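Undergrad: Residues per chain are reported as follows:
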Amino acid sequence: AQKITQTQPGMFVQEKEAVTLDCTYDTSDQSYGLFWYKQPSSGEMIFLIYQGSYDEQNATEGRYSLNFQKARKSANLVISASQLGDSAMYFCAMREGPGGTSYGKLTFGQGTILTVHP
Amino acid sequence: DGGITQSPKYLFRKEGQNVTLSCEQNLNHDAMYWYRQDPGQGLRLIYYSQIVNDFQKGDIAEGYSVSREKKESFPLTVTSAQKNPTAFYLCASILRGTGGNTEAFFGQGTRLTVV
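Line by line, the protein sequences give chains A and B. In terms of this note's numbering, the first sequence is residues 707 to 824. In terms of this note's numbering, the second sequence is residues 2 to 116.
The hints are simulated quantities; they were obtained by calculation from the structure and are not laboratory data. Note that the structure is a prediction, hence the values are computed from the model and not measured. You can trust all of the hints, since none of them are fake.
Keeping only pairs whose Cα atoms sit at most 30 angstroms apart, straight-line, the calculated DSS-like set for lysine-lysine is: (1) K58/B x K709/A; (2) K58/B x K779/A; (3) K776/A x K58/B.
Isolated chain B (complex conformation) (with noise of 0.2 angstroms):
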């Protein structure tokens, strides 16, 4: 089954710790994007990839980074400069083009603890 799959599920890590957060899809999607989300509040843009070896900062890139070598992988790594890194961060894949019925698909998103 096609589908967009995170991992782990739920990520400890100490302070000053790089930390990387999967993503994978088998979808044959072009786009991919990460996002952050606080308790209680909405989804925030980290970054997002159009196409293989190309990626865009969304609203909130600082202290994060991400590389897109393969079209199914977009991983994200959380870094020492990223000030309050503790959230649930989901990633996100669709069809590049707009029109028609498009969905995003998202994974079961990655509860990043950092103490």
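Okay, chain A solo, but in the shape it has when bound (with noise of 0.2 angstroms):
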């Protein structure tokens, strides 16, 4: 069963606007953390942000804001006054806690390659 699903292929947004990227998960787990990754054509893994399952705010890192609403599993990705550098193909990942039989496995979802207007 797929775990982590992100449903758009690929998203547009003009220089400095603010954009959304989609993020659904499926665990029976209360303990798991969610992540979201920047891949530029260079093909490294760019960390953005983490969510822990229990963390009751929402995380940030500058530029970056995890909308997390834990009853609909999702973990949407806002990417605020995008910037051209910031076109890229970018991933969410979700890494079960314990509790379960697939603890600690960390899956990626299918990616969502950004492109920003100048």
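Hints in hand, dock the two standalone chains.
TA: Okay, structure coming up:
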């Protein structure tokens, strides 16, 4: 069963505008972690932000924020004030916590290609 | 400096040959992972290991094998049974527990081409 779903294959945004990248996940665990990574054309994986399932506040890191809606099982990434250098592939991921048979499994979604226009 | 190192960066092999990709980390991380990425696609989990001498199959383990004899090392062998091994392979490591601002660190990847 697919654990992480990113429904937007591609997104376009104007420079300096905000953009939201969608991510939904599926787990019956109470303890889990959610991640967002950026992958430029070079192939390196750049960590952006992390949200633990017990964190009450939405995570923020500079221009990145994670809109965590636990009941809806969604963990959308919001990038404010987009820059040309934000053009890349973005991945959502979930790490399963203790209590299940897949403890520690770190699964990624299919990714969203973001293109920032000048 | 702490980090995770994959070698080699590019690897060419003839069809039917086994090949081993190296992944070493000096971050004192417990958990390590191997992923495969095809062009324009997401990361698919091959194998993962939470502790030394223990590992679990991921979603696409067929045709691959791993070992975890040391905490620092998690080599991946692509066997001749893997039907289409040409891909970009990424290794990652993370502290074992969840919670806190936990980041999974990635290596630079190995591009395997089978001819």
